[in-house]
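Let the sequences and hints guide you as you build the complete structure.
So the sequence lines, in the order shown, correspond to chains A and Z. If you number the first sequence the way the working numbering does, the last residue is 459 and the count never jumps. If you number the second sequence the way the working numbering does, the last residue is 459 and the count never jumps.
Any given hint might turn out to be false.
[As the list claims (entries may be wrong)] Below 30 Å or equal to it, Euclidean Cα-Cα: the simulated DSSO-like pairs (lysine-lysine) are:
#, chain 1, residue 1, chain 2, residue 2
1, Z, Lys314, A, Lys363
2, Z, Lys120, A, Lys363
3, Z, Lys363, Z, Lys391
4, Z, Lys391, A, Lys370
5, Z, Lys120, Z, Lys237
6, Z, Lys120, Z, Lys200
7, Z, Lys254, Z, Lys391
8, A, Lys391, A, Lys457
9, Z, Lys394, Z, Lys292
10, A, Lys391, Z, Lys391
11, A, Lys394, Z, Lys292
12, A, Lys370, Z, Lys120
13, A, Lys394, Z, Lys394
14, A, Lys120, A, Lys292
15, Z, Lys435, Z, Lys391
16, A, Lys391, Z, Lys370
17, Z, Lys370, A, Lys394
18, Z, Lys435, A, Lys380
19, A, Lys314, Z, Lys363
20, A, Lys254, Z, Lys254
21, A, Lys370, Z, Lys457
22, A, Lys254, Z, Lys380
23, A, Lys254, Z, Lys391
The set of hints was computed from the structure by calculation and includes no laboratory data. Since the structure is predicted, the reported quantities are computational estimates derived from the model, not experimental observations.
2 protein chains.
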Amino acid sequence: MTQKLTIALDAMGGDHGPTVTVPAALDSVEADPRLHLILVGDEAILRQHLGEAATRYGDRLVIRHASEVVEMHELPSKALRNKKDSSMRVAINLVKEGVASACVSAGNTGALMAIGKFVLKTIPGIDRPAIIAILPNKQGGHVHMLDLGANIDCTAEHLFQFAVMAYELVRAVEDKDQPRVGLLNIGEEEIKGNEQVKQAARLLADSHLNFTGFVEGNDIFSGEVDIVVTDGFVGNVALKTLEGMAKMLSQSLKDEFGRNLFTKLAGLIALPVLKAFKNRFDPRNYNGASLIGLRGIVIKSHGNADRHSFGNAIQIGVKEVEKAVVSRIGERVENIFAERKSA
Amino acid sequence: MTQKLTIALDAMGGDHGPTVTVPAALDSVEADPRLHLILVGDEAILRQHLGEAATRYGDRLVIRHASEVVEMHELPSKALRNKKDSSMRVAINLVKEGVASACVSAGNTGALMAIGKFVLKTIPGIDRPAIIAILPNKQGGHVHMLDLGANIDCTAEHLFQFAVMAYELVRAVEDKDQPRVGLLNIGEEEIKGNEQVKQAARLLADSHLNFTGFVEGNDIFSGEVDIVVTDGFVGNVALKTLEGMAKMLSQSLKDEFGRNLFTKLAGLIALPVLKAFKNRFDPRNYNGASLIGLRGIVIKSHGNADRHSFGNAIQIGVKEVEKAVVSRIGERVENIFAERKSA
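Next up, the structure:
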């Protein structure tokens with residue numbers, strides 16, 4: 117008998133709501149026969165989007181009604197206080213109650229983190245949960261980076277805890293025994309980093325982690341590290357800057373090939389190559405960031421994710437459930453605390 | 117009579133030294149008949165690189181001997197203390213003495229800033245010089261961004277001063293009357309930015325600058341701002357991250373087109389289009405950052421700049437000399453101080 121693998125989806129979240137989440141859910145249950153999904157949101161609307169597929173998968177695809185929706189630009193504190201029956205809140209509740217093993221939402225990041233912290237609580241020993249995501253590297257592999265925006269001002273201890281959490285996550289989901297951890301910094305030798313970064317480097321060097329030292333922005337993609345640690349301000353800016361550049365380049369490539377008949381023809385001939393190129397770096401294949409440090413698995417999808425991207429976020433949730441990421445992090449943190457006390 | 121336009125080049129600086137700086141200098145004097153260049157460095161070596169061109173341009177291309185070289189990874193404080201006859205130091209001295217109107221170096225950034233501050237001093241009213249460079253945007257224009265690594269921990273006042281300097285620079289070199297200034301921040305509504313950023317936003321909103329508010333990483337390329345202000349840690353990480361990604365994408369595009377006979381053929385056909393694309397975003401066309409806030413024009417070229425890139429950095433120097441950027445910034449800062457005192 118296969119183990120039951122249940123994920124709750126905030127089916128109303130994101131820029132596109134059920135027009136994306138429902139087709140992605142159908143793709144996912146179709147592709148993975150072990151998977152059970154709970155679509156959380158307005159029952160009438162979800163039923164309409166499901167159409168005749170509503171009963172096709174029996175108890176593997178069910179609806180859980182929730183009467184409210186957290187808006188994309190709603191203040192997290194307001195969403196937390198006022199929307200106790202939102203699709204986001206109910207999806208997280210299902211994780212808390214053990215009905216689902218993870219939840220996935222394309223909704224408001226701040227609200228997801230606030231509700232996640234309130235409902236699920238933080239892993240004992242972890243001061244602040246963080247946001248971690250995957251980026252491609254130039255060796256055809258990938259790199260995990262955190263924090264991507266949950267925590268603006270971070271102490272050395274926070275950065276250290278981020279590294280500890282990421283280390284266990286990567287050990288679990290990548291089956292790497294000693295993932296290489298880099299601490300993001302800038303290159304000037306003399307003034308190398310601010311106080312937090314310098315101190316965090318000392319904590320990391322003294323720890324059980326495979327700390328390879330400071331890395332600069334261009335090293336993120338080098339393939340020389342598996343984990344890049346930074347504070348949420350820097351991480352968020354770096355990630356968004358990359359997104360902006362990727363969009364600009366992709367638009368410009370389209371423009372250049374669309375310029376005239378000759379360039380269009382050239383584009384047609386080069387299409388398979390360009391597709392292979394695009395596929396390798398397609399952000400849709402990297403969609404799905406984890407809110408790491410919570411006592412439950414919460415995956416944040418990009419707000420404007422499409423069907424394929426949202427499906428990718430669901431897969432990331434599946435993997436973290438299978439690899440029991442949260443309990444692994446919990447055990448590791450407990451050990452570190454025990455060692456610190458005995459030291 | 118045309119005005120004399122003299123620029124001192126640290127001819128020994130950078131990863132490639134005179135093999136790059138000398139050919140770039142020759143290109144530059146050839147292309148711009150107003151331009152006078154002083155090649156600073158080991159006379160014998162430079163004479164050898166110049167060959168028969170040594171006398172071709174008369175007093176428009178001369179050598180100024182300097183016996184030492186600042187190494188790329190030398191500590192700035194050591195370079196400042198111990199290398200008083202380095203090509204970098206002598207080039208900056210020439211600006212101080214009024215012999216040259218600007219200097220250009222591909223050498224050690226930290227040393228360049230340290231020596232620049234020591235020799236030239238900072239513009240009165242400016243606490244800290246910053247590094248500003250140009251990036252392309254998706255509207256086919258470009259955007260100026262600072263600080264790119266000179267200052268790690270910045271107060272709101274520092275960020276404000278960066279904006280004031282950049283505003284005058286862009287007004288001068290772009291002939292834009294009211295360039296739009298954005299302050300880099302992250303998107304979470306509730307916790308929008310750290311204290312420095314929030315306070316800097318208030319200072320900017322109350323100033324004479326055309327402050328358009330907060331921007332996120334992806335807005336850098338949107339074309340909606342002409343200037344992006346941030347601290348040196350964030351700016352440096354963002355810039356290097358972009359560099360790393362650009363390198364990865366360009367390598368991957370090469371790989372994909374080199375895969376087999378068909379893809380090579382497709383690459384050949386698409387070559388003109390790919391070249392147009394590459395040209396538009398070629399970092400070589402954006403090489404040359406200004407050490408803004410010094411009482412003299414100092415341009416930092418990328419350390420591994422090639423002949424074309426280094427030539428671009430020289431052109432940026434020429435433009436700043438022509439537009440009298442330093443005195444414009446000085447006057448503006450003086451006005452602001454006068455206003456503050458009278459307020």
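Which of the stated hints cannot be reconciled with the structure, identified by number in ascending sequence?
2, 8, 11, 12, 18, 21
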